[in-house]
Amino acid sequence: SNRRRLWLQVIKRVDWNEDIIKNARVCSAHFISGEASLDSSSPDFVPSVFMYTKQSQNPNAKMDRYHRKRRRADTAANQSVTSETPEQECSMDPEQECSMDHCPGEASLDSSSPDFVPSVFMYTKQSQNPNAKMDRYHRKRRRADTAANQSVTSETPEQECSMDPEQECSMDHCPAEEDIPVPKREYDDLNLRYSQLQEEYVNLRQEFDTLRAENVKLKEELQKSTFSYTTARQHCSTWVHIPQFPDVII
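Number 162 in UniProt numbering belongs to position 162 of the sequence shown; there are no gaps in the numbering.
Since the hints were made in silico from the structure, they are not lab data. The hints are all genuine.
With a straight-line cut-off of 20 Å between C-alpha atoms, the simulated EDC-like cross-links for lysine to aspartate or glutamate are:
1. Lys-133 - Asp-115
2. Lys-133 - Asp-110
3. Lys-133 - Asp-145
4. Lys-62 - Glu-35
5. Lys-62 - Asp-74
6. Lys-140 - Asp-110
7. Lys-217 - Glu-207
8. Lys-219 - Glu-207
9. Lys-62 - Asp-39
10. Lys-140 - Asp-115
11. Lys-69 - Asp-39
12. Lys-224 - Glu-214
13. Lys-219 - Asp-209
14. Lys-133 - Glu-106
Beta-carbon label-pair distances, calculated as ranges:
15. Val-182 - Val-216: 42 to 52 Å
16. Ser-80 - Gln-150: 45 to 55 Å
17. Pro-118 - Ser-40: 32 to 42 Å
18. Ser-41 - Glu-106: 35 to 45 Å
19. Thr-75 - Ile-21: 36 to 46 Å
20. Ser-33 - Arg-13: 15 to 25 Å
21. Arg-68 - Asn-2: 23 to 33 Å
22. Pro-183 - Gln-206: 34 to 44 Å
23. Val-216 - Asp-188: 35 to 45 Å
Note that CB positions come from ideal geometry on N, CA and C, so glycine has one too.
From just these sequences and the hints, can you work out the full model?
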């Protein structure tokens, strides 16, 4: 780098090779302030205190000039920043109060507001009358709010009781939920559903009665077809009597 080249020039070591240069160190006594500086305008950017240099007789003179130069540069930079910084005072008439929508002097989150981005600077002509933009912004907001309120009022259904308009809707005379009239279409659908359910119930009831009667009949037939003492006694007249054996009836 340029700094490394300058150091090698002032050290004046012609016989140094790359290996020696990599491991070489410069004593702090060769710097005016006692240490190296990374500022290229500083006298200690490269070592300068050597026995063969005349400057070593008064090394602090360079450092004094360097510090004076730095102070002058810092002062000029501060003055420049101060002159370019916009004033953060409220630019409205002191007698006027800040409105609820927006107070000048603060940033706004509304992208349509003039204060969405800073615009009052010393170099801009608009800063001579910044309130004109805010007035236009507030008028635009009022017109938009008025139009929105009118639209909501026209589209929102009235939630009032359907009674005499001279009476006020209260908890005493408002109809109960079960007394509120149902729309005709909904009423017809419910009535049709009720009729279908009623018809289905009648059919199921008839089917149940039929199955129960069949069940009773099957039980009777099963009982008659089963051989037992009861069935044999009921049909005792059909028995074949053998003369050699007496009839036994228990």
